[in-house]
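Trainee: Take each chain as given, in its own frame, and dock them per the hints.
Sequence order for the protein chains is A and B.
Going left to right, the first sequence walks through residues 1 to 301 as the working numbering numbers them.
Going left to right, the second sequence walks through residues 1 to 309 as the working numbering numbers them.
None of these hints come from the bench; they were simulated from the model.
Incorrect hints may have been included.
To be verified - Not close to chain B: a few residues of chain A, all C-beta gaps over 10 Å, as computed: (1) Q15; (2) G27; (3) S105; (4) P107; (5) D134; (6) V157; (7) S176; (8) E180; (9) L196; (10) P201; (11) P215; (12) F244; (13) W281.
Claimed, not checked - Looking from chain B toward chain A, a few residues come up when the C-beta cut is under 8 Å (computed): (14) H126; (15) T218; (16) E309.
Unchecked claim - Think about it this way: if two alpha-carbon atoms lie no more than 27 Å apart in a straight line, the pair counts; the simulated DSSO-like pairs of lysine-lysine are: (17) K118/A to K86/B; (18) K87/B to K109/A; (19) K86/B to K109/A.
All of these numbers come straight from a predicted model, not from anything done at the bench.
Ideal Cβ placement from N, Cα and C applies to all residues, glycine included.
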Amino acid sequence: MTEMNDPKHNLEQIQNWLQTVITHPDGVETGVASEEARQLINVGAENIEQIITRSKSLDSFSRLHVYGNAYYARLLECLGEEYPTVKHAAGEETFQAIAIGYLQSHPSKSYTLGELGKDFSNYLQEIRPEKDPDSNQPDWADFIVDLAILEKIYGEVFDGPGVEEVSLLDAGKLQSISPEAWPGCRFEFAPCFRLLKLRFPIHEYVTAVRQQKQPQPPEPEETYLAITRRNYIVRRRAINRNQFLLLQSLFANTSIGESIEQLAGEHEIDASDFAELLQQWFSAWTAAGYFLQVVPTEKSL
Amino acid sequence: MKEHRLGHPHLGFGVGLRTVHFSYILENHPPVDWFEIISENFIDSLGRPRYILEQIAERYPIVMHGVSLSIGSTDELNFEYLGKLKKLSSDINANWVSDHLCWTGVAGRNTHDLLPIPLNEETLAHVVHRIGIVQDYLERPLVLENPSSYLTFADSTMTEWDFISRMAKESGCGLLLDVNNVYVSSFNHDFDPTEYLRSIPHEHVVQFHLAGHTDYGTHLIDTHDGHVVDNVWELYRLAHELTAGVSTLLEWDAKIPEFPVVHAEVLKAKTFIGDEVPPELLDVQEPDIEDDARPTVPHPLTFIPAEVE
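Next up, chain B with everything else stripped away, as it sits in the complex (with noise of 0.2 Å):
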């Protein structure tokens, strides 16, 4: 029988962990099975966002998701971030460590974006040999999220889930289905999403990402900005199915909402896939959300402001 998960836990319904959030959740302890955490928001914190951290980790399991590894870029890996992660990693007891299948920058740039990268023999055994330095020096398998792209390149010779299925049995890597982001791609690139989930290797899937986009017609963009389309449920349910269930996470990034609605919305992904949820945390005031006029960023934002009295 095939091993699940890479042999890590099923934490359940979780929620991104958010600065808005904090005070809510340090009050009112909500029932919310596990926390993820954007690592670069914390590994050099030495004030209110470590402080913070360090009691919701007493009370809920965390796990670390970064957004700087940069894992597909062709500069030397960071091994002061590498180190900076490996630490609160152990300080925080996180569950597993993840990033994305993606390159944030190159020739000593960050463009704090996720860019895709060409798909092809030459990029697959890069991207291989770097998750390997990765995981020895973590001492721990690394777990890799499917991006949202908006672009292909004329140098790919496979597909995406074909690369990432390589990937993560040539490297031995876990893997972080986004199934929105599978939902955004195949939208903006013309393929068939159920493919994509029925093709990867299910074993290897540690974790679900759930997210809402925003549709502008001829393309979607991962913004986390609001509710999971039906869709995107839809393909939750069928990737549940094919991996036995694993830990699944709420994204809500911008236009942010009170906490119980970001709880009551993980919530929905027990309901699409039979479980029973008490009805009291569902029942939530849906946010009233206005339309900004400015350009829709999508993820990841990663600053968190000063308080000053």
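With the rest of the complex left out, here is chain A (with noise of 0.2 Å):
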């Protein structure tokens, strides 16, 4: 520990001084106050000046807080940004509250605020109410995490790698499988595409929110999304659950005729009846650019 009467504060005493006072959630004064900035320099308020100097017209708790008020200030609105749909739904005050709990728990570690809200869905997860227990009905609070989830996807789809400068499948080259070789293919999907299960239809309502609109928010209803990216602008579509469940099992490089005997076993029904379906749902998949490519899976080679 630092005397105070100490003139001189080496370089690394000094910064993890500051940033623990200006980081401090409740404040500059208690910041300096604390017992963590007291083991870096143990100056009390009356003798703040012997670190921060002051000016003609400020003290130096004023000049301190203007950097204490502007880390949180800053940090909040850019976590509004990404989560703008979490924040009007929650509304400014709540949002707020919990923010600066997310901040305190994970303050950021990266070069880059995109990097900021990267935990913010789990921490809303673990933060969240108890359920009723007489319910079994998804509540406000999943609603609300739901939105994390699906705005946290809408950042890493839309500034993550994607297929613009690449060539997708296209209906053509579907066409072209000989119907022998398509069981044993499978899929290479494009690294731009998601599969979400959600408690809420939250989609509609996510884009509403984004075009500063004043929406309702949705009853629950289990929702199924494919999202994707085309021309820089992150799509999403709602699948219903069979569809969800067979994306699901491509996408874990299942083998096309494995994934349909799947889900046509779960169904008890013939996988014949799903031809005409199943042609419809490739196609439109395809035309949506969820696909690189088609390939033979090692089984089948």
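Mentor: Here it is in structure tokens:
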């Protein structure tokens, strides 16, 4: 511990002290008095000018306030821009309280603000209030968590790897695969493709909020989304449960034949009944740009 | 004769590239001389921001301006980050790479603020040493900006202009002289901004920044949310005389108006140094800036929200 009357502090000491003080959630005065700060530089409020000098117009604490206020304001603004629908649904005040808790437990450790909210949906899940034991319906907290999950994926897909510069599977290539080879093949998915199962049909709600509208929160309903990016814009499509299960299986690199059999087996129906439907699905998914190519599975080689 | 701007070209009068102007720039190809990008918005992008940047870089000179180098921190330099800076600067043929004389965090954390350091012999040696490492790695001179600051340390033993003068001479780095920041800091720390401008090594000044700030009476905050004030224009005129003119860039980061307004603001710089500007470029509709009740957040903010159908 440094003596209070030490005239000099090394840079590491000063930096750790200042960071502790300006990021303290209860303000810079509490920050200076905190045990953590006093372990670094043992200075009390009455001697703060030994560390931070005053100006003609502002005392030392007022000057520290500029940085303390800016720290949370800046990061709250960024988190709000990354999760605008969570902020809208939760309300400004609640969002701010949650976000400050998140920033305290998950301070940024990256050079980019793009990483700031990466654990936000998990954090919301961790701090959610206990569910009503008498209800098996998804509740408001589930709704907020679902929103955060979807907005996080939107961010990843928007600025992650895409398919704008590569050739995708097209209808011609799809149709050129012989019926015999088809079951032994698998799809290679676009790197921006995501599948999502949600407890609320929030995709329209999220779009409306992002368009500055005031939509009503939807009622709970099991919802499945296929998400990708075309022409640098995130695209999302609601799909039904069977489509989700089939895409999920295909996404796990299971062969087309095996994936179809699994789905048909689950519904105890003949795979041949699916034929027309499957053709429609695969055509639509190909047109939507979900697939890079169809390749033989190792087993079929 | 001294070599001006460390040999860098005078790019003219540029504007900070911001997402709200992407479409306007691509559709209208405005007659702006060059753009400065916030490096962190693009070094990891594999989406629309990077795609737009590549199109703009084909048509306009680009300078990379970062906010996360943290040259003054006692944490280790982040070579993953430096590697990404180096790659992007090569990919888009950036004219130079700049950041700030500051630290952004310590103990592995990033406050995403441009925090000041005490100005003394120890910190000068520390910064000069790290500039050398960065310059060796990037294989080009680093350009560092004087940030606005809102506090000073009892441990400082020299003025900021003495510090950056020695820093530039000892490390060989370039200076990005933010004229607004000199003014903001001079108000906040009670010094004469003209003494600052007269004292620095002018041959090291590669670029100027101009921006608006917010006056809180007792202090100024570098908010980049409005017009450049007259006092800063006067300082700009002096800085221009002292350096014989360098690339000049206008930053507007909050309450951002239409592109022509931002462009017109930087073109005012030409009128202050006696150059002619086509009148139609200065004849723009003034922005209708609503007062915002939210607290004002000092620069920098560098998050690009996703675009979703």
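Trainee: For each hint, tell me whether it holds in the structure or not.
Mentor: Structure-based check of each hint:
no. : hint            : in the structure
1   : Q15             : violated (4 Å)
2   : G27             : holds (14 Å)
3   : S105            : holds (13 Å)
4   : P107            : violated (5 Å)
5   : D134            : holds (36 Å)
6   : V157            : violated (7 Å)
7   : S176            : holds (30 Å)
8   : E180            : holds (38 Å)
9   : L196            : holds (13 Å)
10  : P201            : holds (15 Å)
11  : P215            : holds (15 Å)
12  : F244            : holds (20 Å)
13  : W281            : holds (21 Å)
14  : H126            : holds (6 Å)
15  : T218            : holds (4 Å)
16  : E309            : holds (5 Å)
17  : K118/A to K86/B : holds (26 Å)
18  : K87/B to K109/A : holds (22 Å)
19  : K86/B to K109/A : holds (21 Å)
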